[in-house]
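> Chains X and L supply the protein sequences, listed in that same order.
Here the first sequence stands for residues 1 to 171, numbered as in this note's numbering.
Here the second sequence stands for residues 1 to 278, numbered as in this note's numbering.
Some hints here could point you the wrong way.
Claimed, not checked - Result set (SDA-like, lysine to any residue): computed pairs, CA atoms no more than 25 Å apart in a straight line: (1) L/K53 to X/I11; (2) L/K190 to X/L44; (3) L/K208 to L/K32; (4) L/K54 to X/N29; (5) L/K32 to X/K167; (6) L/K9 to X/L44; (7) L/K183 to X/I140; (8) L/K183 to L/H155; (9) L/K187 to L/L223; (10) L/K32 to X/E30; (11) L/K32 to X/W128; (12) L/K9 to X/Y91; (13) L/K53 to X/L21; (14) L/K244 to X/Y31; (15) L/K54 to X/Y91; (16) L/K183 to X/Q27; (17) X/K167 to X/F32; (18) L/K244 to X/I143; (19) L/K263 to L/P108; (20) L/K183 to X/F32; (21) L/K187 to X/V88; (22) L/K190 to L/S130; (23) L/K32 to X/I26; (24) L/K190 to X/L144; (25) L/K59 to X/I18.
What the hints assert, rightly or not - Some chain X residues well away from chain L (every beta-carbon gap over 12 Å; in silico): (26) I11; (27) Y31; (28) I92; (29) K93; (30) Y98; (31) L116; (32) I120; (33) F148; (34) F165.
These are computed hints drawn from the structure, not numbers from a lab.
We put the CB at the ideal spot given by N, CA and C, even for glycine.
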Amino acid sequence: MNNNWVKYGLIFILIVLIQGLVVNDIQINEYFNPMVYPIMIMMLPFELGAIATMAVALLLGICVDTFSNTFGLHTSAALFIGYLRPVVMRYIKPNEGYDNTLLPIIQDMGVQWYLLYSAIIIFAHHLWFFSFEILRFDLILLILAKTFCSLFISIGLIILFQYIFYKSSKK
Amino acid sequence: MRRLLQFLKTFRDFIIFLLLQVFILGLFFNSKNYHRSTLSNTSSSVVGWFVEKKHNITKHFSLSEANDSLSAENADLRALLPESFYKLQDRTYYINDTLYEQQYEYVPATVINSSDNKRDNYFTLNKGASSGIEEGMGVLSKEGMVGFVVDVSNHYSIVKTVLSENFNISVKLQKNNEHWLLKWNGKDNKIAQLNGVTRDIDIQEGDKVVSRGSGGIFPENQLVGTVHKISSEDGKTTLNVDVKLAVNFGAVYHVYIVKNFLKSEQDELENQYMNANE
Numbered sequence: 001m002n003n004n005w006v007k008y009g010l011i012f013i014l015i016v017l018i019q020g021l022v023v024n025d026i027q028i029n030e031y032f033n034p035m036v037y038p039i040m041i042m043m044l045p046f047e048l049g050a051i052a053t054m055a056v057a058l059l060l061g062i063c064v065d066t067f068s069n070t071f072g073l074h075t076s077a078a079l080f081i082g083y084l085r086p087v088v089m090r091y092i093k094p095n096e097g098y099d100n101t102l103l104p105i106i107q108d109m110g111v112q113w114y115l116l117y118s119a120i121i122i123f124a125h126h127l128w129f130f131s132f133e134i135l136r137f138d139l140i141l142l143i144l145a146k147t148f149c150s151l152f153i154s155i156g157l158i159i160l161f162q163y164i165f166y167k168s169s170k171k
Numbered sequence: 001m002r003r004l005l006q007f008l009k010t011f012r013d014f015i016i017f018l019l020l021q022v023f024i025l026g027l028f029f030n031s032k033n034y035h036r037s038t039l040s041n042t043s044s045s046v047v048g049w050f051v052e053k054k055h056n057i058t059k060h061f062s063l064s065e066a067n068d069s070l071s072a073e074n075a076d077l078r079a080l081l082p083e084s085f086y087k088l089q090d091r092t093y094y095i096n097d098t099l100y101e102q103q104y105e106y107v108p109a110t111v112i113n114s115s116d117n118k119r120d121n122y123f124t125l126n127k128g129a130s131s132g133i134e135e136g137m138g139v140l141s142k143e144g145m146v147g148f149v150v151d152v153s154n155h156y157s158i159v160k161t162v163l164s165e166n167f168n169i170s171v172k173l174q175k176n177n178e179h180w181l182l183k184w185n186g187k188d189n190k191i192a193q194l195n196g197v198t199r200d201i202d203i204q205e206g207d208k209v210v211s212r213g214s215g216g217i218f219p220e221n222q223l224v225g226t227v228h229k230i231s232s233e234d235g236k237t238t239l240n241v242d243v244k245l246a247v248n249f250g251a252v253y254h255v256y257i258v259k260n261f262l263k264s265e266q267d268e269l270e271n272q273y274m275n276a277n278e
C-alpha cells in the first residue's frame, strides 16, 4: 500500500508537469484547449471514497491552476469530477462488479468500458470548465463547441498517456 | 437532532463539495474583478523555475522571427539617430534642456509563458521585483499595447493582457481624442470592442485607436489597433465598434515594461482631490 502511494505521488508530479509545460502549450485555436490532468483523478483505485477523491482533486487543481494562471478554474472543475466519479462508477458498473485488484485504466478494464467512463467524466469536466470560463448564456453554442472539440483531443491524450506509462495490473 | 445528524451524514459528501466549490469559485471570480491575483500563479518561484527551463528549450523555435522583429525595430530606431540626418547647419549648440524631464523608462523583458485562447489570458515575463517591476506597470510590445502587470515575484511577473474580461483600459481615437474603455468579448483574439460609442461621433473604419495615457500606466499615443468594423442595432443609441488589435498575441516575444516616474505623484494628487470631494 505504501509503495502504491509513492507511485501515485510520482505520477501526480509527472502529470502536473506534463499538463503545465507541454499540454498547456497546445494552442491550435480558441476551440481546442486539451487537458490531460483529469486522468489523475480517473485512475485512482475503485474503492476510494468521494472525500478522498476530492482531496486529491483539490491539490491537483491548485497545482494545475498555478501553471496555467487560471486562479481556481481548474480546481473547481477537478473538484466537480472528483465528486462525480463515484456516482459515474456506480452507474456504469459491470455485471460482476469491480475487482479491487484492478485499476480503472484502459488495459485493465477494456476499451469499451474505458471509453464510456472517460467520455462521461471528461465531458462533465470540460462542460463545467468552459461554462465557468465563459459564463454567458448567449454563448452556449461556443461553450458546447469548445467542450466537444477539446473532448476528443483530451481523451486521445489520456489514452496515449496510459499506453506510455502503464502496464496492465493483471498477472 | 438525530434527524439533523442523519441528514448531515447522507449529504456529507455533497456538503463538503459545495463548501469547497463556493470557496474556490469565490477566489476565481475575485481574480477577475480586481487587478491583482489571489491564488498562486506562474510568478511563484518554484513554478517560475520550471516555466523558465521550458522557455530555455522552446525559445529556439521562434528565434528567427524574434530576431527579424528586433532588427526591424533597430532599423527604425537607427533612422532616428542624429547621425542619420544630414546637417543643414554647421554649428550646433549644446543646450541644457530643462523643458523636458524624463517621465517613462522601459525595461526590456521576454515572454516565457503565454496563452491566447482562454477567456482571461496572462503572460509570464522573466523580469520581476529585482528589476524594479511593480504591480500596475504597463507592458508594450513593438506593435503596441499588450497589458499590465498584476503580480510580481523576485524574478518573474504576471501580465494581464488585453485579451481579458475586465481589462478596462482607457483608449482614444487618434484623430479627435474621443475616449472609451477597451473591452474584449472572448470570441476572437484579434478583435477587441469599444463600448458606448454614440452615433454623433466621427468614427470611420481604419481610424487608429491609441492609448489615452490617463491612468499613468501607458504613455499617450501608444498604438492599440485600428477600427475594423462599425455596426449599429436598431433602437440602440450606441454603435458596436470592433477594433483590430495591432499586437498578434500568439507571437509576442520581446516586450517592454513601462516605468512611470511620475505615477505616484499623479495618484497622490488625484486621491487627494477625490477624498476632498467626499
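> Now look at each hint and say whether the structure bears it out.
Structure-based check of all given hints:
Taking the CA atoms of L/K53 and X/I11, the gap is near 20 Å; set against the 25 Å cutoff, the hint holds. Taking the CA atoms of L/K190 and X/L44, the gap is near 41 Å; set against the 25 Å cutoff, the hint is violated. This hinted pair does not check out: L/K208 and L/K32 have alpha carbons roughly 28 Å apart, beyond 25 Å. Between L/K54 and X/N29 the alpha-carbon distance is near 21 Å, which keeps this suggested pair within the 25 Å criterion.
The straight-line distance between the Cα atoms of L/K32 and X/K167 is roughly 43 Å, outside the 25 Å bound, and the hint therefore fails. A threshold of 25 Å between alpha carbons decides the hint, and for L/K9 with X/L44 the separation of about 24 Å falls inside it, so the pair holds. A distance of roughly 20 Å separates the Cα atoms of L/K183 and X/I140; the hinted pair therefore holds under the 25 Å criterion. About 30 Å separates the Cα atoms of L/K183 and L/H155, which puts this hinted pair outside 25 Å; it is violated.
A threshold of 25 Å between alpha carbons decides the hint, and for L/K187 with L/L223 the separation of about 22 Å falls inside it, so the pair holds. Between L/K32 and X/E30, the direct Cα distance comes to roughly 20 Å. Compliance with the 25 Å bound is thereby established for this hinted pair. Distance check on the hinted pair: L/K32 and X/W128 sit about 18 Å apart at the alpha-carbon level, within 25 Å; holds. The hinted pair formed by L/K9 and X/Y91 meets the criterion: a straight-line CA distance of about 22 Å does not exceed 25 Å.
Restraint check for L/K53 and X/L21: satisfied, since their Cα atoms lie roughly 10 Å apart, inside the 25 Å limit. Simply put, L/K244 and X/Y31 have alpha-carbon atoms about 20 Å apart, close enough for the 25 Å limit, and the pair holds. Of the pairs offered as hints, the one joining L/K54 and X/Y91 is violated, with about 42 Å between alpha carbons and a cut-off of 25 Å exceeded. For the hint pairing L/K183 with X/Q27, the CA-to-CA distance comes to about 22 Å; that is within 25 Å, so the pair holds.
Pair hint X/K167 plus X/F32 does not hold up; C-alpha atoms about 29 Å apart against a cutoff of 25 Å. For a cut-off of 25 Å, the pair hint linking L/K244 to X/I143 stands: about 24 Å separates their Cα positions. Using a Cα cut-off of 25 Å, the hinted pair L/K263 and L/P108 holds, with the two alpha carbons roughly 19 Å apart. With a C-alpha separation of about 23 Å, the suggested pairing of L/K183 with X/F32 holds against the 25 Å cut-off.
A hinted pair counts as satisfied when its Cα atoms are at most 25 Å apart, and L/K187 with X/V88 does not qualify at roughly 33 Å. Note on L/K190 and L/S130: the hinted pairing is violated, with a Cα-Cα distance of about 33 Å set against a maximum of 25 Å. The hinted pair formed by L/K32 and X/I26 meets the criterion: a straight-line CA distance of about 24 Å does not exceed 25 Å. Note on L/K190 and X/L144: the hinted pairing holds, with a Cα-Cα distance of about 22 Å set against a maximum of 25 Å.
The suggested pairing of L/K59 with X/I18 holds, with an alpha-carbon distance near 18 Å, which does not exceed 25 Å. Listed as a non-interface residue, X/I11 keeps its Cβ farther than 12 Å from every Cβ of chain L; the least gap is roughly 17 Å. In this structure X/Y31 is not separated from chain L by more than 12 Å, as the shortest Cβ-Cβ distance comes to only about 8 Å. Annotated as non-interface, X/I92 keeps its C-beta farther than 12 Å from every C-beta of chain L; the closest such distance is 19 Å.
Distance check for X/K93 against chain L: the nearest CB is about 18 Å away, which clears 12 Å, and the non-interface claim stands. Non-interface call for X/Y98 relative to chain L: holds, since the shortest CB-CB distance, roughly 19 Å, exceeds 12 Å. Chain L leaves X/L116 outside its interface by the beta-carbon criterion, the shortest separation being 23 Å against a cut-off of 12 Å. Residue placement check: X/I120 keeps its beta carbon more than 12 Å from all beta carbons of chain L (closest about 17 Å).
No Cβ of chain L approaches the Cβ of X/F148 within 12 Å, the least distance being about 16 Å, so the stated non-interface status holds. Residue-level check passed: X/F165 sits 20 Å from the nearest beta carbon of chain L, beyond 12 Å.
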